[in-house]
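J.: As they're listed, the protein sequences go chains E and U.
Be aware that the first sequence starts at 1, since it is given in my numbering, and climbs by one per residue.
Be aware that the second sequence starts at 1001, since it is given in my numbering, and climbs by one per residue.
Simulated from the structure, these hints should not be mistaken for lab results.
Glycine included, every Cβ here is placed at the ideal spot set by N, Cα and C.
Please note that a few of the clues may not be correct.
[Claimed, not checked] From chain U, some residues computed to sit far from chain E (all C-beta separations above 10 Å):
id, residue
1, Thr1004
2, Glu1034
3, Phe1050
[Stated by the list, open to error] Chain E stretches covered by chain U per the calculated footprint, using a threshold of three residues with CB under 8 Å from any CB of chain U:
id, segment
4, 419-426
5, 554-567
6, 571-580
Chain residues, written in single-letter form:
Number of protein chains: 2
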Amino acid sequence: MAWTYEAPLRHMRFVLGQVLDAPAAWAACPAHAELDLDTACAVLEQGARFAAGRLQPLNASGDLGGCRLDEGGQVRTPEGFGRAYREFVEAGWPALAAEPRWGGQGLPLVLDACLREMLDACNHAWNMYPDLLHGAVETLAAHGSEELRQRYLPRLVSGEWLAAMALTEPQAGSDLGLLRTRAEPQADGSLRVRGSKIFISGGDHDLSDNIVHLVLCRLPDAAPGTRGLSLALVPKLLPDGSRNAMHCDSLEHKMGLRASATCAMRYEGATGWLIGEPGRGLAAMFVMMNSARLHVALQGLGHAEMAAQNALRHACERRQLRVPGPRANADAEADPIARHPAMRHALLALQAQVEAGRVMAARAALALDLAAHHPDPAVRAARQAEAALLTPLLKAGLTRLGFEGASAALQVFGGYGYVREYGIEQSVRDARIAMIYEGTNEIQAIDLVQRKLLGDGGAALRALLREFRAEAQECSGQPRLLAFARALQESCEQAEAALDALLARDDPRAVLALAQDAMDGLWWLLCAWAFAASARAALREPAEDPLWAEALLARMRYGVDWLLPRAALHWQRIRSQDLVLPEVQAAR
Amino acid sequence: MAWTYEAPLRHMRFVLGQVLDAPAAWAACPAHAELDLDTACAVLEQGARFAAGRLQPLNASGDLGGCRLDEGGQVRTPEGFGRAYREFVEAGWPALAAEPRWGGQGLPLVLDACLREMLDACNHAWNMYPDLLHGAVETLAAHGSEELRQRYLPRLVSGEWLAAMALTEPQAGSDLGLLRTRAEPQADGSLRVRGSKIFISGGDHDLSDNIVHLVLCRLPDAAPGTRGLSLALVPKLLPDGSRNAMHCDSLEHKMGLRASATCAMRYEGATGWLIGEPGRGLAAMFVMMNSARLHVALQGLGHAEMAAQNALRHACERRQLRVPGPRANADAEADPIARHPAMRHALLALQAQVEAGRVMAARAALALDLAAHHPDPAVRAARQAEAALLTPLLKAGLTRLGFEGASAALQVFGGYGYVREYGIEQSVRDARIAMIYEGTNEIQAIDLVQRKLLGDGGAALRALLREFRAEAQECSGQPRLLAFARALQESCEQAEAALDALLARDDPRAVLALAQDAMDGLWWLLCAWAFAASARAALREPAEDPLWAEALLARMRYGVDWLLPRAALHWQRIRSQDLVLPEVQAAR
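Bound conformation, chain E alone:
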């Protein structure tokens, strides 16, 4: 009755092979030219085995046991986490998408994204520990001195050492400009770092000996605000093997993700080294922002998939009440709840969005691959802009889907969903944080409108719309895809009109008041595209399993008929000229 996980390998293969034609993209990039779809899917199959076989069984016990701070000030992870991590390292998973130069396997990020979705679905808390490796590696590779890179990159790439990002302070959450941690340069070129950080995921633990902290801090006489921030590498173990002057003071007791150590860290003159230039700390961190935020989006997708498949299984088994109309099984006392209209809505809405979300996430990861490896600089630039535009949309959209999807699955389970042993309630609790960290979803909406839509005068969105219109054009030639073509065409027109309306506003406050509407409208635009592209791919090659293709088509069609109309409200608001957002009064 508890959660099980069957990795969506078939849909992943369909997305990579049929919807996005990833092999064509790989063929165009020398770094990935050797890769074919079968090999890629074989890698994912191995990953699925690890996730479902090793991580899923530790998910509930990790939540129950949680982390603890032992008497020596060392954080202890739940039973079994260390062993699973050692196997993960031995199998080479941390190195999957890292550069061969530092020991990585150099596989595409799009495969890494599929792997992460499975790890997160099976054990979000466990995956928090290695989740930050990729970002630390990217930051260090792009901005670290050669000495730092030689010393740290190989062991981070292999996963022998883990990493932590130390940004937040009590007074500085979304507003990093307010942070106060100090770094003083020493004669030997190192820094002495002093300050306190909170909410540091994996700030301490027992999965690896060393933990490499990337600490955002201020050098003496730094400018106020974000321009005064620098980035320091501060390792738990110094190069001579001794313990650095940094401590985990306490662990947070959280709603969920209890097996992930959320540390309050104190740096008491800890030794560190500058990464990048003084006062350019935020720029160095932004290197990893797109992929880090995409990783959080994948956590949401993982939760949503887990929710979708378990809700479906339960709804097919559980029998309650009769559905009006002809009876499939006249002898049974009641029908499976999957036949009841309310449950069909819940299940189809979740399935359609999960499947569309997987297409979107893979598209974003593939764009990052092309941005890094395509030989044509114009393609690289275009795909970088596309990934930058998609990032806030997917971070906010998929983390919301993860939480709301888990809650919808809980509802399908009814009273059982509220009870711990079924595991759904843990998913609701674990999924909730992803809407907050790595930039709250409200910060994502600001990033979307200010930087991604208005920052380039709408160029990135218009480029995306051109591709979406081409998809609509393709669909319009096939009678069974007409509804998809029409919905996508309509979404593109609405999105363009909304973009023009936003560009025409001269008051930044009015734009911010509509940021969430832009987010919601564009989410449904992405869905409209993913529904159409998936439906066309399913019709194109139904031969392998026509029933599977038809069922997918029906789910995508549900999305067009029942979900996409939700966008209208948001487009209307953005175009409206007379909507006023009042100030909030402190007293009610």
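For chain E, the structure is supplied; the task is to place chain U on it using the hints.
T.: Chain U only, in chain E's frame:
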């Protein structure tokens, strides 16, 4: 930084006195003719003191400690719960709205509703224990034999004894027709009850010596399905003081509401007595359905109010980032987040719905009072029909608001919201169950369309629409209320068109596929009315505190401008003739 609670007494007085003119309703009912607004508000003030002073401090500790089953098979409630309950009984709160004939104070249900909202806001889990008293009293008073009533009612009304409802069995949740618990008549007129029940709130505890279970069961040779159900009174202690043959086998470990004992009960030939006629058990239970479901709605309202006021407080204190535009405080490094557009949306949407929800809930409770006590049978029948129509709407709408509002407040708190010590995450966990129990929100939607809209050919809704149109008419005479009048008028037209469209459908499956849309559309209709009625009341008597009235008006106007447009999608769907809801496939 943790939760605090300031009872919304001012708004309650405004709702009772200005919006609904409850004193006029009381004057019309002989049972309440003595009551005036000042007395009523003085009672609520006492209730607020108990809730905030005695219950709120036990909320977090109760969650942390939870309940336990001791070695003797007795359930132990968390530290402090018993003492608080004794004070509650000594102060006479359980008897507030009960009939004087059985020792009750005979005050209106609308006051009881305000009290319950405060108790639930401060400690939902604690309030689960006395929450079922009123329903048990009503059921017993309406259907019990004179002997049973004499024996049990006085001590239930005083709260000396508590009650539990024993319905659910593993195979019978939403579908009570499947339940199997047996009752065998004995020569002395008693029953021997055998069977197992799950999810029994307060099935055992240590707050009262005796616990009176109302057990849904089958007599020998009962018909299958719900027609074969009977209701038995099965007390923990028999009249001679000995222990009955009933046991709590285990407690559920739940996502939230951990201080409320959710028991798996075993009846092993327990002695009981029939309530009402054989085979009429469900009818006897339905006596209490409207008030019990309204109580659950009030739990949602309580959570939403707690969320709204604490999110506001935090948003006014927490400073992060600058808002574009003129600066209120040029010296401060950052603005209060309450000034940021995303937070204004979150706070205003929650405030507007909480305040509208309180108006709706009070209206429903007042309708129940009029249905019970008005001298004119036509008024009684009309208000009974109104309460029956409002019940599923409020149960589903306010429990969703409670959960989503708590989650919205968590988002306002950011990372702090996810941490236990701030209390918001508990509210999210506690609030979630109310969408499931006492009839899932999906069951409420079925009840709404099948029984409350189509069951009487739409008469109850049309009667409500007549009153709402009169409100729109009143508003249309005042320039500042024109937007409210227009929105309410439009909502009434849309609702009536939707009703006609539902009545015109001949396929019950098509109606069920639109049940949630009917629910959502009518929720916004109720909001449209509550916004308009509140705004008109605020304008009518602003003298007492014009700033307060203006601020309320602005929040109601936010609701009209930003929230009501959400209804359009639902009305469109109901009118659409070509929407198809596919079946769900077991495999994806």
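J.: Which hint numbers does the structure go against, in order from smallest to largest?
T.: none
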